[in-house]
Amino acid sequence: MVRRIQVLLLVFLLFLLSSTKILAADFKSDYQVEYFLGKTDNITTAKVIFTINITNLNSDVYVKKFSIAFPKNYLISQITAADDKGVVNPNVVNDGEKILLNLEFNDPAIGRDTTNSFHLAFLQEKIFDVSGNIWELIIPTLENQTSVSGYRAIVYLPDNSDRKISIAKPRPSLIQGNKIIWEN
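FYI, the numbering for the sequence shown is -24 to -1, 1 to 160, going by mature numbering (1 follows the signal peptide of the UniProt record, and there is no 0).
Treat each hint with caution, since some may be false.
In silico DSBU-like cross-links for lysine-lysine, where the CA-CA straight-line distance does not exceed 30 Å [stated by the list, open to error]:
1) K41 to K23
2) K74 to K15
3) K41 to K15
4) K74 to K41
5) K40 to K4
6) K61 to K74
7) K61 to K15
8) K155 to K40
9) K102 to K155
10) K155 to K48
11) K102 to K74
12) K23 to K74
13) K61 to K40
14) K48 to K23
Pair by pair, the computed Cβ-Cβ distance ranges are [what the hints assert, rightly or not]:
15) D36 to N136: 45 to 55 Å
16) N136 to N70: 29 to 39 Å
17) N136 to A1: 42 to 52 Å
18) S125 to I25: 12 to 22 Å
19) I151 to A1: 27 to 37 Å
Bear in mind the hints are in silico, worked out from the structure with no lab data behind them. The beta-carbon is built from N, C-alpha and C at its ideal position, and this holds for glycine as well.
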């Protein structure tokens, strides 16, 4: 009986020691977020498109699942997601403090320096405030940037608008026609 317990304990310890956790140093991610601003029936909306590229930095570890969280006051709807292999069904969890979107790759590429991409799109209401002729827009930032190697935000102003946009911080990297770009 003691021998059996020792064997079970040894197997359990080997399992614990051999299990692999994915750490931030095992991958890097690049984000591009595009905001297409619009206003209909006095409701300010934006179509938001996230392109998230996740690059494996090790040959023996890869990312299978990915989560992204938004503040609870984000009014998002019509959520669609895809990866490089096709449609992904996002699991949306609203816990009262945040909105969590859980995504799982269909068939992730495995190997060092391979990249898997998620494409996430949704409509967001009340992303900006209209104050007279000025649109006040607050672009969210990333909270945990340890594995982020690039972040690019692009705001597209409507072509047929005479509104002005107020830009506070940070200063845009490029303003080109109705497109405003921030890069880090």
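How the hints compare with the structure:
1. K41 to K23: holds (24 Å)
2. K74 to K15: holds (25 Å)
3. K41 to K15: Violated, at about 34 Å.
4. K74 to K41: holds (19 Å)
5. K40 to K4: It holds: about 14 Å lies between the C-alpha atoms, which stays within 30 Å.
6. K61 to K74: holds (28 Å)
7. K61 to K15: violated (34 Å)
8. K155 to K40: Violated, at roughly 34 Å.
9. K102 to K155: Holds, at about 20 Å.
10. K155 to K48: Holds, at about 28 Å.
11. K102 to K74: This hinted pair holds, its Cα atoms lying about 17 Å apart.
12. K23 to K74: holds (20 Å)
13. K61 to K40: holds (13 Å)
14. K48 to K23: holds (18 Å)
15. D36 to N136: 45 to 55 Å: holds (53 Å)
16. N136 to N70: 29 to 39 Å: holds (35 Å)
17. N136 to A1: 42 to 52 Å: holds (47 Å)
18. S125 to I25: 12 to 22 Å: holds (20 Å)
19. I151 to A1: 27 to 37 Å: holds (36 Å)
Hints 3, 7 and 8 from the earlier list are contradicted by this structure; the remaining hints agree with it.
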